[in-house]
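Asker: Single-letter residue listing:
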Amino acid sequence: MFRKYLATLVFLLLGLASIHFLKNETRELEVKIEKKTKNISDLKEDLEIQKVEFGYLSNPQRISELAKTYLSKDYISLFPNQLALDEKK
Amino acid sequence: MKKNKQLNLYFNDQPISGNKIYVDNRNNAIISIFIIIFFVICFRLVFLGFDKNNFVEAKTHESFFYERRDIVDSKGTLLAKNTNTFDLILRKSKVKKFENILLKVKLNFPEIDINNLKSDYQSKKTIVIKKNLSPLDYSKVINLGEPSLEFVKREIRIYPQKNLFSHILGKVDTDNNGISGIEMYMDNEIRDKSNLYVPIQLSLNTNIQFLIHGELTRGVKDFSALGAAAILMDANTGKIISMVSLPDDDNNRRNKKKITNIFSKTTKGLYEMGSVFKTFTIASAIDNKVITKDTVFSDLRNRVYCGKFPIDEYRWDKSKKTLSVEQVLVKSSNIGTIEIIKKNGLENHQIFLERLGIFEKPTIELPEVSQSNKNRWGKCNTFTSGFGHGVNTTLIQLTRAYAAIVNGGMLIDSSILVNENGKKKRVISKETSSVMNDILRANVDRKNKIEGSGRKADIYGYDVIGKTGTAQKPSKTEKGYSKEILNVFASAFPHKKPNYVLTILIDEPKGAPQIWKHSRREAGWNAAYLAGKIIQKIGPSLAINDLELMKQYASNTKNN
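Chain order of the listed sequences is A and B.
So for the first sequence, our numbering puts the first residue at 1; every next one is plus one.
So for the second sequence, our numbering puts the first residue at 1001; every next one is plus one.
Derived from the structure by calculation, the hints contain no laboratory data.
Heads up, some of the hints might be wrong.
Mimicking SDA-like on lysine to any residue, the simulated pairs with C-alpha atoms at most 20 Å apart in a straight line are [said to hold, decoys possible]:
hint	chain 1	residue 1	chain 2	residue 2
1	B	K1496	B	K1517
2	B	K1268	B	K1130
3	A	K68	B	G1214
4	A	K51	B	K1140
5	B	K1140	B	I1127
6	B	K1449	B	K1268
7	B	K1537	A	L71
8	B	K1153	A	D42
9	B	K1517	B	D1317
10	A	K23	B	D1317
Model, not experiment: these values are computed from the prediction.
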């Protein structure tokens, strides 16, 4: 009878210890996941801002004005014979 | 047997009789109670261990998303996007000395009207000082360290390409609801939360749009026009590559000065398009096999009557007395066109225009569309419709109909969405389409002995085909037509297998003696000229992504 009690007790204690361990490990993982998720969210927000900035910076109207200011040339049209066809592609 | 009266719980003190151990019932009961309590605690611990609610840490951040999806062009260039912005407000309850705040605001934001702030301060609890703060403004306010000045975060829609796509994209209101353009037409899809990170992709091309917009703006200035419009369509898919309507406005500027005449001339404006309709008249008759391109009409006069109404030839001379079908188009003969309608049959001509979708509501994904207000067909308006008078339509429907004429005969629904596949239906045979392309080429070809009205659009290497149209505008004040005109040039390229259709519309152009040394204002002198300028600029960009056009270049280069 005593052995049975002891075995049950040991089993329960081991179970409790493992639950305690698992719970703490899980909690640490949850914290890590939270940090990563926040990081991803921040990066996404940064990316969205960068997209807007890129949209503004690569706006053809802006580039054209910059080209006129700094390159002192208007847009040059190419004629067909100035383009070459790469047959390999 | 002596009755055990021992109350001691110590196990060794329990009575032993022979080999049997008699366990005290009270001991058992107490031990059982402890075991039960122990198990209850254990089960509770196990339960707590598995309780998910206790595992999860309190969220330290809010998930990031905007209310509306991005809109991008066919190359992924950003056209519309939501972003966060801050408004600067003054909280009256936290103000200690209003004069000090006024001074700080005046020093840092000299553009703000202080008198307005003073009057608002008397009547409101919260005063909006400045909307949409720039990062510099934001840091200025932070450095002020004034507790009564607060930021309010909100979402706004921005359009990085400014006015380049204003008529197509439309606008949103302060609550981020689409109120015009594709923002309104696709409001539900744009607000779809399950796809917030997937942009809406349009078939438009920003670089092409910029080039066309630039040339058209220059054209409006050169020809002192009220406005202009252009559509570039993929002839084989119906996809719109570029669509410009002038005047336009920067959609980022809200509640600023109002510009008149700003409606979309591509999808909303209904116009009588003039002689560009002659192409349809001839195509119908050739497809019905009542004429060929070499059929000759002789004894053509300078005026015919429909009942008591006279129909005049445009700039009649003796050379317009006898014309082949090709010459009817190249010399843009009204009387010759009427003869073709007579030969084809009035009803056949009417049915063909209806099959071409000229009078249908455009299928394009925009709310600002108009449908032709054609009334009943009569004999006279059937004749005049042959050269584009007495019937009106939108530029987008004209472009779609021209695409069908040049692409082998398939009428395709036009679309500005990259993934949308429009319905197709055959309206003329491949052979008719091929003949029509030859006739339209003759109108533009500079080498043609008969000078066609579209020759200003003949840009080397692109083999442009097309037809001009000069139409008098209906009078706004009285019955009949005014002296003002509306010019159109409907073109396609390259000749043998047209992949692109380009239509140009110029509203009330004037003569341009600074360019031509004369003041003629027909479509050949402005719309066709502008189309040539545009094709020269966009051609290389289109060719880089178009192997067939590149091969056409290569063959042309070898031939020349």
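Asker: Against this structure, judge whether each hint is valid.
Answerer: These are the hints, each one checked on the structure:
For the hint pairing K1496/B with K1517/B, the CA-to-CA distance comes to about 35 Å; that exceeds 20 Å, so the pair is violated. Proposed proximity of K1268/B and K1130/B is contradicted: the alpha carbons are some 36 Å apart, above 20 Å. Note on K68/A and G1214/B: the hinted pairing holds, with a Cα-Cα distance of about 14 Å set against a maximum of 20 Å. Restraint check for K51/A and K1140/B: the C-alpha separation of about 25 Å exceeds 20 Å, so the hint is violated.
Between the alpha carbons of K1140/B and I1127/B the distance comes to roughly 18 Å, so the proposed pair stays at or under 20 Å and holds. About 39 Å separates the Cα atoms of K1449/B and K1268/B, which puts this hinted pair outside 20 Å; it is violated. A distance of roughly 19 Å separates the Cα atoms of K1537/B and L71/A; the hinted pair therefore holds under the 20 Å criterion. For the hint linking K1153/B to D42/A, the alpha-carbon distance of about 17 Å falls within 20 Å, and the restraint holds.
The straight-line distance between the Cα atoms of K1517/B and D1317/B is roughly 24 Å, outside the 20 Å bound, and the hint therefore fails. Between K23/A and D1317/B the alpha-carbon distance is near 99 Å, which puts this suggested pair outside the 20 Å criterion.
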